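Mind docking chain B on chain A? Use the hints.
Chains A and B are the protein sequences, given in the same order. The first sequence maps to residues 1 to 416 in the working numbering. The second sequence maps to residues 1 to 434 in the working numbering.
Accuracy of the hints is not assured; some may be wrong.
To be verified - For the chain B half of the interface with chain A, some residues (derived, Cβ under 10 Å), not all of them: (1) Ser15; (2) Tyr19; (3) Phe22; (4) Phe135; (5) Asn311; (6) Glu316; (7) Ala317; (8) Glu367; (9) Ile370; (10) Asn374; (11) Ala377.
Hints are computed from structural coordinates only; laboratory data are not their basis. All values reported here derive from a predicted model rather than from experimental measurement. Where is the CB? At the ideal position from N, CA and C, for every residue including glycine.
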Amino acid sequence: MFGWEFPPHILGGLGTASYGLTKGMSQQPDMQITFVIPKPHGDEDQSFLKIIGACFVPVVWKDHDWNYVNERIGRIMHPDEYYWLRNGIKYDYRRIGTNDLGCIDFSGRYPDNLLEEISNYEAVASVLAHQLDFDIIHSHDWLTYPAGVFAKQISGKPLVVHVHATDFDRSRGQVNPTVYSIEKRGMDAADHIITVSNLTRRIVIEKYHQDPAKVTTVHNAVEPLPDVESYTKTPRKDKVVTFLGRITMQKGPEYFVEAAHRVLQKTRDVRFVMAGSGDMMNAMINLAAQRNIADRFHFTGFLRGRQVYEMLAESDVYIMPSVSEPFGISPLEAMQVGTPTIISKQSGCAEILTHAIKIDYWDIDAMADAIYSIVKNPAMYKSLHELGREEVNNIRWYDAGLKVRRIYDQVIANRK
Amino acid sequence: MKNICIYFQIHQPYSLKRYRFFDIDQDHYYYDDFRVEENIRRLAEKSYLPSNATILEIIRNSNGRFRCAYSISGTALEQLEQYAPEVIDSFKELAKTGAVEFLAEPYAHSLASVYDADEFERQVKMHAEKIENLFGKKPTALRNAELIYSDEIGETAYKMGYKTMLIDEARHILGWKSPNYVYSHPYMPKLKLLVRNLKFSDDISFRFSNHSWSEFPLTADKYVDWLASLPEEEKIINIWMGYEAFGVFQQQETGIFNFMKAFPYHAMDRQMSFVLPSEATKALDAVDALSVMHPISWSGEAKDLSCWTGNDLQQEALNKLYAVTERMSMVTDKPLLHDWLLLQSTEHFRYMSHTDAFGSYYESPYEAFINYMNVLADFLERVDAQYPTSIENEELNALLKTINNQEKEIEELQKEVKRLRARKAKAKEGEANA
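For reference, chain A alone in the conformation it holds in the complex (with noise of 0.2 Å):
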């Protein structure tokens, strides 16, 4: 498999997935998974794959003691094995700046140069392609289409492509050319796409043209919360409502602002919360302070690991109005600690979930009828509290994995 982040160093729901997805297909007895990222820290959970750095990956033949390679990388990779990947270059990339072991330095991250970097993750996967033992190739968002492609032309393997997201999500239209012209051509080259809901595969057969027949959607699922006894509710005279992610146009945080306005023209004792950062924060502090409930409203900046679930197990209600969400793995976790939550039903998860209040992102009036009812009904609290922890518990890696594994044995069995 192919894939950009792992954790515990994350940066979006890509790695989070990721992580779950092949935790979930490693309980397959017969599966194992290679699992490769651009820069690995060596503190990833290697119990269940094998995950190669692709900085550790020479691409340039370079000769060097044994010694000295186990002094560079064997904090990380076994010098035998960098050896042995060696053997697989077989083009010349002394073109691409290497390091004084033949490998190249990735960020790891969404850097200016990010083309840069995914032209030079294909090179990496030329040199496992050849090495590797494998019997089918697995790519994870854009980023690494051009790696499994390659891959697939240098091996013959199948290859499937798993969509996280699509430029249209992320970009609300205007999309990138670039970015497009790479997520194209990716599914173009894949034997199947999977993609994270059906509003996704939609997407994947109406604006990149892919035959209904090659996209699977298989939906995310959530990874159970160890912990989950350890986080609670402390009682408070006030109700809260928590808008919890990036504060971008895709989120849709000002019609979370709108509802609160309606709801506070109602009844006084809630106070909502906008939890997280981004690019529109303070244009919603000028928003709430316009609709005059800045002293119900609050903004607690970014927040991270534990943070965010002590946060979400405080709430009354979790909120996510989403423009757009290709799948949305925040509302699992809402639920995973017992809060009631509201999603838009423009995001993906809405298509699994059932005790979860969906509305339309627009429609404030309906936002603001749900927040009411859940903070003025204890029995709507109740229900959405129970049942929807109940639910989320039932939505399984696991499951999800044994979707992917049908493809697979599915597109193995076409091409033989």
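Relative to the frame of chain A, chain B by itself:
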């Protein structure tokens, strides 16, 4: 000889419009008139009118040997009066033949029988009056909403003067017993119970046009054969269903109306007769008592109340609603009383079911709950405005009594004054004469 007892049910609730919480205290009209009208017109045209015409024809052609009963809820009658009065006329026509019986039921097709016996009684009376006004005959048999029944409900019904009640074939109640006999209440033996035959009812209303059913196609001939092959001593077969089975559940194209036309003649050819529920319980003796400790209904496999009262949302809504029953018995404001009825229809609660929200026009049970609770909040505010919750029920009752009695008292006092004045005048006259 076998008796076939048929009753058709018509009930439609008043659908609620989208009612947001900002509307509370602002807007006191709760119903989606467009949906209500569209729905009742569609049903009238596709089902009620053609079915009534067919039934009328059969009754006339058989000289009243074909007989059947109807149970039409108060809310359905109101909708028909307003949007499809020709259906009411056709029922009047049917009533004139003397071959149909109209059953009593709680006016709003409500769960009052389970939540408040007094309210149940009030609604049954109200419905009986309405039936008498429209069709000229007071009902003598009672069919509770959703065929809900328990010993307690039976007792209430009997005390109100009903001698016949209709219940569903619940396996956990009947056990090995057949539904094809008349039964009685365990300690009010004069109350007789008729039990719906589940198989024969569903054969028509649900399976008739099902191509994957092994008995498809169902002909009147075959159906009557099945009835005839029942054991000799099983005297009564109760075939009850929603009237919409004709023309809606089973579309006209399936031939359901032809089946309806042919079936009575086949049955009569085989020496079977048709009886009305009240006639059946008069003519046939009860073979045994049926004891029903916990309420049963005609819903689902379990035949219990779970699809209306099964989850937290439903219980919250019902408890809040029926908490004001006592207050409502003092209310005289007509619009408020009318809303009180319309908000009780069982459908409002069924739409909140997570497992069985049959017929719901909401996207989810939660949405149904949100909407209903907003409406209910406004309704309760109105009740509170008339009779503030700060006053205890008893105190309120005493005050009301005083107010209501005021007139009487004044009247009496005035009479007294008149009397005294007259006496005084007489006395004066006497004095003058003397």
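Exercise. Report the numbers of all earlier hints that the structure fails to satisfy, in ascending order.
Key: The structure breaks hints 1, 4; every other hint is satisfied.
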